[in-house]
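Chemist: Given next are the chains, with one letter for each unit.
Protein chains: 2
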Amino acid sequence: MPASHSSAPPSVIHLHPADNVAVAAKTLARGEKFALSGGSLTAIGEVRFGHKVALAAIPAGEPVYKYGQVIGYASRPISPGEHVHSHNLHLGELHLEYAKASQTPPPPTPITGRTFDGYRRADGRAGTRNYIAVISTVNCSASVAKYVAHAFDQSRLADFPNIDGIVPFTHHSGCGMQFGGDMHQTLNRVMAGIARHPNIGGYLLIGLGCETGAMGYLVQQEQLLQLDGGASQPAGAPLILSMQDQGGTAKTIEAGVARLVEMLPRVNDVRRQPIPASEIVLATECGGSDAYSGITANPAVGAAADRVVATGGISILSETSEIYGAEHLLTRRATSVSVADKLIERIEWWKGYVGMFGAELDNNPSPGNKEGGLTTIAEKSLGAVAKAGCTALVDVLQYAEPPSKRGMMVMDTPGYDPASVTGMVSGGANVVVFTTGRGSCFGCKPAPSIKIATNTPMYQRMVDDMDINAGEILSGVSVDAMGEKIFDEILAVASGKPTKSEKLGIGEEEFVPWLVGPTL
Amino acid sequence: MPASHSSAPPSVIHLHPADNVAVAAKTLARGEKFALSGGSLTAIGEVRFGHKVALAAIPAGEPVYKYGQVIGYASRPISPGEHVHSHNLHLGELHLEYAKASQTPPPPTPITGRTFDGYRRADGRAGTRNYIAVISTVNCSASVAKYVAHAFDQSRLADFPNIDGIVPFTHHSGCGMQFGGDMHQTLNRVMAGIARHPNIGGYLLIGLGCETGAMGYLVQQEQLLQLDGGASQPAGAPLILSMQDQGGTAKTIEAGVARLVEMLPRVNDVRRQPIPASEIVLATECGGSDAYSGITANPAVGAAADRVVATGGISILSETSEIYGAEHLLTRRATSVSVADKLIERIEWWKGYVGMFGAELDNNPSPGNKEGGLTTIAEKSLGAVAKAGCTALVDVLQYAEPPSKRGMMVMDTPGYDPASVTGMVSGGANVVVFTTGRGSCFGCKPAPSIKIATNTPMYQRMVDDMDINAGEILSGVSVDAMGEKIFDEILAVASGKPTKSEKLGIGEEEFVPWLVGPTL
Ligand SMILES: [Ca+2]
Ligand SMILES: [Ca+2]
Ligand SMILES: [Ca+2]
Ligand SMILES: [Ca+2]
Ligand SMILES: [Ca+2]
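Keeping their order, the protein sequence lines are chains A and B. Reminder that position 463 of the first sequence reads as 463 in this note's numbering, one-by-one numbering, no gaps. Reminder that position 327 of the second sequence reads as 327 in this note's numbering, one-by-one numbering, no gaps.
Derived from the structure by calculation, the hints contain no laboratory data. Treat the hints with caution; some may be incorrect.
As the list claims (entries may be wrong) - Taking CB as the label site, the calculated pair distances span:
#1 B:A18 with A:E262: 55 to 63 Å
#2 A:M356 with B:D123: 33 to 41 Å
#3 A:K370 with B:E262: 43 to 51 Å
#4 A:M356 with B:Q185: 15 to 23 Å
Note that CB positions come from ideal geometry on N, CA and C, so glycine has one too.
Just need the whole structure built from these sequences, with the hints factored in.
Modeler: So, in structure tokens, the structure goes:
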């Protein structure tokens, strides 16, 4: 029963075909008749904007579905057209029961024949862009990395039209940390993930020399090899520069620029070619959410993510601190008990982590949320988790860990946008979709970020930064049709169509590795 | 008994006039005679490079002085010329006794009549530079802040010769944190400290709009007022721009550039004037230490810091994680029990903080340190703490807290260079001295950083980055004479002499606020 494709503003939004409730897109008066595709219903009582209305009779104890997911159970019999909220819906066993891998969805109907024009790398992976990375291994070499990368303006790259740019990757750590500890290992995984990213045609590592995060250890531990570019080095050796070896700032900048000049022809020597859509690695993110996020952009991204998975591709959900409250649904959807256990282990880690600082994870609907129509913690968390669509949870990744399976997976990251996306991109995501209600102007090189507005007024006000207006769902476009549009845009962008944030040159400052632990 | 000023390489270095040991500058053979100013002594046994030799008889139980500080007590009688190490020196009561404010040094002999040519600000404070700051309140506006600041190249500033530059201050936080929590408060203190810094003639705050670290709260809580510049705003109002209000990236960049264009004539309208040396706020830091740090550059900086304090100025020691082990000496030097208690409280906080991650603070001399001549934890920690000279500890500051007293004080920061210096500069330091053995190429706008090499080979290899060669101490310049040279350089740089890192354009990437707590 998908929502209508007509252009008349709908009274309710049916978020997923499996749902037995819809969300009021405007306040329905008691006795008001509202249209659904294939029929109509009458509101038994008033149902305010954002609140749920039953589409069918739901016997007591039976599940209530929203986003194609169980958000709780009827606490008494619910009639079609009745308002669904705290008085007749409760969390039930979702409170307690992980029910690991008990409701693993079947694989989606395959989507075949879809391709994008990408770069086939030497290791077989598919790139959507072709950048050169100048990676600063410690903050002490960050300025040098910037100067090296920025020495190449557009005129200097004019002879190399297949190179999208030279990007400095700088960060705030690399020393003042325990050697070999978690922070060190995480940072190395991030930096190696950028060096090896399929959107990186060649890279240069620049360090100071005396830092804890030694370049030699990074190269050895992460088995870094220069796959493309690097003519001046023995085949396969990474390009590294130490400022203390070179004799300081100016000499290292000079040497770095010379290395890149040698690298340019080789990195430029690539051509886009048709690649199956199954090689999309999609990162999904929301930032600056609003009351529309959970009923327009996020479920539409979920519909797009389901399509990526249906092609055989990968879709990554992150933001563990916002998954909290919906983990009981994801454990049910896991492909195995061990995948479910990995998620539970991460949720428990987060409880301990925030507890160390005297805080706690709490996604419970606030009085304002309840006023707005959100009944249960599962429903509230699903507003963000809806980006993961409805397919099975196939794996749970560490921060910046490269996927080794195909399908929908969780990566453990904070909800904080730049840290979350940096993790997914470092793990190999080659396209990002980013939903925003308030209007975030995010980008994250070397991956393109497609920004999806949740509402039309913000889309219009910030159209320079927004790629897609999911607010059209409130004017009658179905969630599924918007998902299709986003999926098409993912393939177009993967093929080289520039996103708004790429046109604006955003995406260097937003490289923010998540680093947990004491800075010493 | 200061070391000789002659150019002949000395056999031993007498670090401080009060010391009853010297450090071997080369290995002394058994029976070798070595010169001291005003006499000579004979080594009773072999004393290797870096090890200590007694200059006088030290009865059992009496203190051993190095850096003008007690590093332990003789565990048996020590003769002049005898090797002093674990066999005859132990930590004694320094293990246990804080002896708060028991040995407060008397005020140093005042130094009068010294001045620098600085900028007198409307609030009375003294600037050493005249920058404009574009402060990004959240990572989501960092790219915009960079684009606004970098729109002004040298040619565009040619008509405003009194402006040193326009600096973007960007960071990795500002959202994904608890509102009003420690991380939020600390970040606000840092950003307000930059906005109000005496080296900042005018500033612009740029945020996204929906971030936890709201601009309105920052402005209100920190009582930000635009002191200089800001013609387009009501008098006293800070200049703020929200990307969501402006309509996105491009419009905010345009608006930001326009605001700065209006600000330029007013910020340029300043002149340097003689200002008493007592208005120096000196930040001291070491990074990339080596075996020479504790015997050349750090004690020489201590001698310079003592001079700053003797003029009535402020000298800040930070790096709490490296103070650990010397805190018993600083508590003795405190001006009051309550100042000593503030330091102890911070040390205890650090133990708990690193303990949360299963680590511990441990500055105990390693077998390699002992091999190199370091006997006690107090002595090892003093190698870094020597930068604080020998005056009384007058206060202990929170991270980025502005000093409210004059004299030598500790600010609680990590040892990690960019985080440590960012705290001191945000607290109002107007000159930084930075010692390095391995060769750090640090800078931290808006304050100039004077980099001091610990040894001549590194100085020569990295002379593009190093301002002063304290390795000359190993060729016969006394620690005190080197301290005088550094003090002179502090006043010259405060008067506008550019440092090496300023010439190289270093100091934007190194703005690294220390943020403790969970990223959500
Ligand atoms: Ca987010
Ligand atoms: Ca299509
Ligand atoms: Ca940065
Ligand atoms: Ca340091
Ligand atoms: Ca002098």
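Chemist: With reference to the structure, classify each hint as holding or not holding.
Modeler: Going through the hints against the structure:
1. B:A18 with A:E262: 55 to 63 Å: Holds: the Cβ-Cβ distance is about 57 Å, inside 55 to 63 Å.
2. A:M356 with B:D123: 33 to 41 Å: Holds - the Cβ-Cβ distance for M356 (chain A) and D123 (chain B), about 39 Å, lies within 33 to 41 Å.
3. A:K370 with B:E262: 43 to 51 Å: holds (47 Å)
4. A:M356 with B:Q185: 15 to 23 Å: This hint holds: roughly 18 Å between Cβ atoms.
When the structure is compared with the earlier hints, no violation turns up for any of them.
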